[in-house]
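Position chains X and V relative to chain C; hints supplied.
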Amino acid sequence: MPDNWGFVAAAYTLAAVILGGYWRMLVRKERALTALVRDDHTSRSRHPSRPGHPRPEPASRPPLP
Amino acid sequence: MAWKDLVIERRSKETLNALLFFSLALLFVFQFALGPDRERLASVLPGLLWLGFILSGVLGLGRAFVVERENDCWELLLLAPGDKSAIYLGKLAGSLVLMAVVEALMLGLFVVFFNIDLGAALPGLALVIALGTVGIAAVGTLFAAMTAQVRARELLFPVLLLPVLVPVLLGTVKATEALLLQEPLAAVAHWLKLLVAADVVYLAVGLLTFDVILEG
Amino acid sequence: MMAVLGWLAGVALVAGLAMGFGVAPREVTQGNVQRIMYVHVPAVWVAYLAFAVGLTASIAYLARRRPGADRLAHAACEVGTVFLGINIVTGAIWGKPTWGTWWTWDARLTSVAVVFVMFLAYLLLRAAVEDRERGARYAAVLGIVAALNIPLVHFSVYWWRTLHQPPSLLKPGASTMPPVILAALLVNFAALALLGAYFVARRTRVLAAEEEVLA
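Protein chains in written order, with our numbering: chain C, 80 to 144; chain X, 3 to 218; chain V, 403 to 617.
Next comes chain C alone, as it looks inside the complex (with noise of 0.2 angstroms):
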């Protein structure tokens, strides 16, 4: 029974790059996350809230990726 390397090479490459591929949408959704909320709270820090300023809208900050 011949060996199929290259199928075996092709199973595990392509587990890699399913479960690569994954690792890196988490790691980029984390940056952009974390930088948004380091921007909101920066953003908040140095325009404390007083009675009638109106806080930044949600809709003002980029959206998700």
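Derived from the structure by calculation, the hints contain no laboratory data. Do not rely on the hints blindly, as some may be mistaken.
[As the list claims (entries may be wrong)] Only part of the chain X face toward chain V is listed, based on derived beta-carbon distances under 7 angstroms: (1) Val152; (2) Ala154; (3) Val166; (4) Ala188; (5) Ala191; (6) Leu194; (7) Val198; (8) Val202; (9) Leu209; (10) Val214; (11) Leu216.
Everything numeric in this text was worked out from a predicted model, so none of it was measured. Glycine included, each C-beta is placed from N, C-alpha and C at the ideal position.
Leaving out everything else, chains X and V in the frame of chain C:
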């Protein structure tokens, strides 16, 4: 409430008529898609029958909460006092009656158009159809309430329902196949047990979680 | 804490590869293509473990309504779906040289495919409901139905394929398993399980951050 019941009755008749015509249309589509080969048709008849049942079930159940949604009665449902599972059972019973009528008619059409000899198989067949229909309606009613308030509900409802119904589909088709070959009911006991188990699971989850769906 | 989990997973993955390619012998009947099994089989075990976690978290959410339980359920079901996808894809690649076909409707492949589609629908529901609290409730109910349906799917598909069927279906994996093969499977299972846990931890963190940003 009486006005609501009148609307429901009129809506049910509309739904029933639409489903009956759908059954007829489906019958023609099956015949044309599969060609005139009698033997091939005979071998896939159980599958076609249940395909018809499930598709009309999806159509009918998808409309189970349409009255409430379109007439802004959804909040009335949410605020209804008492156990919400009573609403679940009520909707379930209504769907069962509707599906039973459609299935009886579809079976009749199949017998006529495809020249099936039901013979002694009818009582067993009725049992299988009953078990399968309860399963379809139990999950269908729960998912219909879930998708009623969601955008793209017409697409999401069948996408949620059909994969979950695979065991019911397999059980009913295999049991129907055996019964139409005049095998005794005992030969399909394992399928019947599977269908009963599925029905119990779906009904239990439906009864326990329906009020969670109706929270808002 | 999460970083430790990640590094542990990395080490375990290396160990798994070593077991699968170095320690485990060349299989007698199938040849080296059988080594695909060392990623294919543990993947489905990890997936079902993840769905069990999802079921527990969904029930816990409905009982106590803690957002953490909802995030765990979401992450676990998503990670489970990813690993199930890996199982299906590696199974197809294994099937081509072994059975001559990319796909066959045998019991195991079919039931895994059905479960995969069920949980894809779960992820679709999550995406379709905009209100966070309602989405959590609905997804919990669907998660419970889908997870409880898994044994029903397995039995119905298995009976559909094996009763009144000639016993000529080739099944992957020998019925008597040499201990070294079992050991390789278990090491790879531990590795993928650690990786899965790491993914779930990261995913719940991302979900929490998303909620904070959208608040």
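Structure-based check of all given hints:
1. Val152: With Cβ-Cβ at 5 angstroms, under 7 angstroms, it holds.
2. Ala154: 6 angstroms, holds
3. Val166: 6 angstroms, holds
4. Ala188: Interface hint status for Ala188(X): violated (14 angstroms vs cutoff 7 angstroms).
5. Ala191: 12 angstroms, violated
6. Leu194: With Cβ-Cβ at 12 angstroms, over 7 angstroms, it is violated.
7. Val198: 11 angstroms, violated
8. Val202: 11 angstroms, violated
9. Leu209: The hint is violated - Leu209(X) has no Cβ within 7 angstroms of chain V, the shortest such distance being about 12 angstroms.
10. Val214: 5 angstroms, holds
11. Leu216: With Cβ-Cβ at 10 angstroms, over 7 angstroms, it is violated.
Against the hints set out earlier in the document, violations occur for numbers 4, 5, 6, 7, 8, 9 and 11.
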